[in-house]
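Asker: Protein sequences appear in the order of chains C and B.
Per this note's numbering, the first sequence starts with residue 1, numbered consecutively.
Per this note's numbering, the second sequence starts with residue 247, numbered consecutively.
Rather than coming from a laboratory, the hints here were simulated on the basis of the structure.
Every value quoted in this text rests on a predicted model; they were computed, and no experiment measured them.
Beta carbons are placed, not taken as given, at the ideal position from N, Cα and C, and that holds for glycine.
Any given hint might turn out to be false.
To be verified - Taking lysine-lysine pairs in the DSSO-like style, the calculated list, with each CA pair at most 30 angstroms apart, reads: (1) C:LYS159 x C:LYS149; (2) B:LYS450 x C:LYS11; (3) B:LYS450 x B:LYS347; (4) C:LYS210 x C:LYS149; (5) B:LYS347 x B:LYS389; (6) B:LYS450 x B:LYS556; (7) C:LYS230 x C:LYS149; (8) B:LYS588 x B:LYS389; (9) B:LYS347 x B:LYS588; (10) B:LYS556 x C:LYS210; (11) C:LYS11 x B:LYS389; (12) B:LYS482 x B:LYS556; (13) C:LYS149 x B:LYS556; (14) C:LYS159 x C:LYS210; (15) C:LYS159 x B:LYS556.
What the hints assert, rightly or not - If you only want the chain C side, here are some residues facing chain B, beta carbon under 10 angstroms, derived: (16) ALA61; (17) LEU83; (18) GLY108.
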Amino acid sequence: MKRICLFFVSKAGELVLATLLSALIWLLYTGSYKGFLHPNFWPFLLLGALIIVASLGILAAESRLSGDRINPTRLSINGTVVLLPLIFMLAVVDQGMGTHAFSRKVTGSEQAALSDIPSATIDEANTGKKNGLLRLPEIIRGMQRLEGKRVTTEGLFYKDPNLPKDQAILFRFQMICCAADAIPVWILLERADMIEAANETWLQVSGTLKRASINGNEVASIEIETADVKTAPPPSEQYLFFSKAE
Amino acid sequence: MNKRIGEMETKELIGPVICACTHKHEHSLHEAPAGHTGTIRPLLYLQLFFFPAAFGLIALFGRTPEFRTLSITFVSIFLEALPFMLIGSFIGGFIEVFVPKERLMRLFPSGGWRAIAIAAGAGMLFPVCECAIIPVVRRLFKKGLPLGAGIAFLLGGPIFNPMVALSTSVAYGYQWSIAVDRLVTGYLLAVTIGFLVNLFFTPKTALVAQVNNAQTEEQCGCGHHHHSPPAGFLAKLQGATRHAIEDFFDVGRYLVFGAFLAGLMQMAISRGDLAGLTDAQAPSILIMMLLAMVLNLCSEADAFVAASFKTMLPYSSQMAFMVLGPMLDMKLIMMYFGIFRKRLILTLSGLTFSLVFLAMLAKGWIMG
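Throw the hints in and build the complete structure from the sequences for me.
Answerer: In structure tokens, the structure reads:
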């Protein structure tokens, strides 16, 4: 028993690195990393994995040649702490951010900021071409051009208790680098009292685009004609990303 | 006789102890110099308690919306930082083994104004995020990098770089004046703080023993006297790897603590409610600075978050958010514990916070 303990203590550094490597490979292979990071981040995760592989190779060659024990206990325990985030990752890997995160991140003036950010993806030829759907940023940025027209879009439903009974929010998160910096992208839904859905239900809504005002901020609003509950996509597809890959 | 694991480690591990430099030492760690303990402190084992605590948290709160926000934020900050921590640790490891102290000292001969000014602007040539900078600067300090220059690089590097300039201008609709304003302000503050820290601290009073002791030892950072460096490229490579892993684990745990705190803060604090408290100059600057410290965003992304406040808050408070965040947030403060003593961390935090506040107040007053 003592020998087993000593073995794990002396090899804990390598075991920690191997576990991190496994996690990185799994995240890249399944694409689950997109539930936490921008899709374009994969080269950095791959580089991290390669660095760990190289380290393990060098460590393995060293102990094979010298036959000596290597890692002090202090470093082994410190290294093990590095595995803590992986435990939390396993608990939420199948979930995306929802209404709680929205309530914490929303400022009310995101739409104005979004309109100012240069868009590489919006043009007349592309709008509405993705299965007939417009994405939320496209609606917000094209608010003036699309006002009065019938639009269809999708996102997470949120019956904000601070809004009147006939209003609700349809939102998604736009990620810049990682989920921590994600900005809520949202529009107002009018005639929302016709919707019987729980918060965080994935809805596809169609209606007429209008402009509304909340706390002095101009916001896009859809007067709902139809609202269909859909199966929510996986977290990696719920997020929007700042890039041409959207 | 039952022995504590700490004693077992020093006496009963098979074979002699090899330190990070790949030199073998026949004496036990009981004889290690100051900064290296011979037995393992009980507090170290307290870290193992985090694992059952994590499982308990998941079992009790795993499906709550608050836990989801906390966990996704925590994990995303860690995963984003992980590759850069590894890169920074390996750069540090290679610096330790392959860069002689004399060559480094030629770049920073006096540690005065010139060294500080160069270090604060080094991010333009070596754009690295704050997570990669920490292990690199740690190793540079061990090699004798002057204190003020190291501080200036720590503070200036994450702001004064081309990637931050680009992301800032994009976030504000290609208004390059805002990007230039951010970079210049960050640079000047980094130089000022580096100079001030240099005035009141020495490496001995600023750096933790493990880093400070290495400055007075030959070649290796393990604290043991050596008569010759590792010979051969393979031995050096092994030494560099060993140093890198040591740094990664040492600094990485602070990253984990800081990322967890950041997740807690993002779960608990509402940005809209906080920003909506006031739009008066001074209080809004303070609020945005506190927000920057708790959100722990990377310096390429924070401009987009700052821009989302632009119809609510004055320009000076948005700039305060963008300048302070890369210099001082909870994750960075935790990681500083791997390099600096508590007194320096407190002084650095207070100094950075105060100077950013005063600078933004002045900016707001000048702009009217």
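Asker: Could you run down the list of hints and mark each one as holding or not?
Answerer: So, going through the hints one by one against the coordinates:
Restraint check: the Cα-Cα separation between LYS159 (chain C) and LYS149 (chain C) comes to about 24 angstroms, which is no more than 30 angstroms; the hinted pair holds. In summary, the hint linking LYS450 (chain B) to LYS11 (chain C) is not supported, as the alpha carbons are separated by about 34 angstroms, beyond the 30 angstroms threshold. A threshold of 30 angstroms between alpha carbons decides the hint, and for LYS450 (chain B) with LYS347 (chain B) the separation of about 18 angstroms falls inside it, so the pair holds. Our distance criterion of 30 angstroms between C-alpha atoms is met by LYS210 (chain C) and LYS149 (chain C), whose separation comes to about 8 angstroms.
With a CA separation close to 6 angstroms, the supplied pair LYS347 (chain B) and LYS389 (chain B) stays within the 30 angstroms bound. Straight-line distance between C-alpha atoms of LYS450 (chain B) and LYS556 (chain B) comes to about 44 angstroms, which puts the hinted pair past the 30 angstroms bound. A C-alpha spacing of about 23 angstroms is found between LYS230 (chain C) and LYS149 (chain C), which places the hinted pair at or below 30 angstroms, so the restraint holds. For the hint pairing LYS588 (chain B) with LYS389 (chain B), the CA-to-CA distance comes to about 21 angstroms; that is within 30 angstroms, so the pair holds.
This hinted pair checks out: LYS347 (chain B) and LYS588 (chain B) have alpha carbons roughly 27 angstroms apart, not beyond 30 angstroms. Taking the CA atoms of LYS556 (chain B) and LYS210 (chain C), the gap is near 23 angstroms; set against the 30 angstroms cutoff, the hint holds. For the hint pairing LYS11 (chain C) with LYS389 (chain B), the CA-to-CA distance comes to about 29 angstroms; that is within 30 angstroms, so the pair holds. Proximity of LYS482 (chain B) to LYS556 (chain B) is assessed by CA-CA distance (about 52 angstroms); at most 30 angstroms being required, the pair is judged violated.
Distance restraint check for LYS149 (chain C) and LYS556 (chain B): the Cα-Cα separation of roughly 29 angstroms lies within the 30 angstroms cut-off, and the hinted pair is therefore satisfied. Pair hint LYS159 (chain C) plus LYS210 (chain C) holds up; C-alpha atoms about 19 angstroms apart against a cutoff of 30 angstroms. Simply put, LYS159 (chain C) and LYS556 (chain B) have alpha-carbon atoms about 26 angstroms apart, close enough for the 30 angstroms limit, and the pair holds. Interface restraint check: ALA61 (chain C) against chain B, minimum CB-CB distance 8 angstroms, threshold 10 angstroms, status holds.
The closest approach between the C-beta of LEU83 (chain C) and any C-beta of chain B is roughly 8 angstroms, which is under the 10 angstroms cut-off, so the hint is satisfied. The restraint placing GLY108 (chain C) at the interface with chain B holds, with a minimum CB-CB distance near 6 angstroms, inside the 10 angstroms limit.
Violated hints, listed in ascending order, are 2, 6, 12; each of the other numbered hints is respected by the structure.
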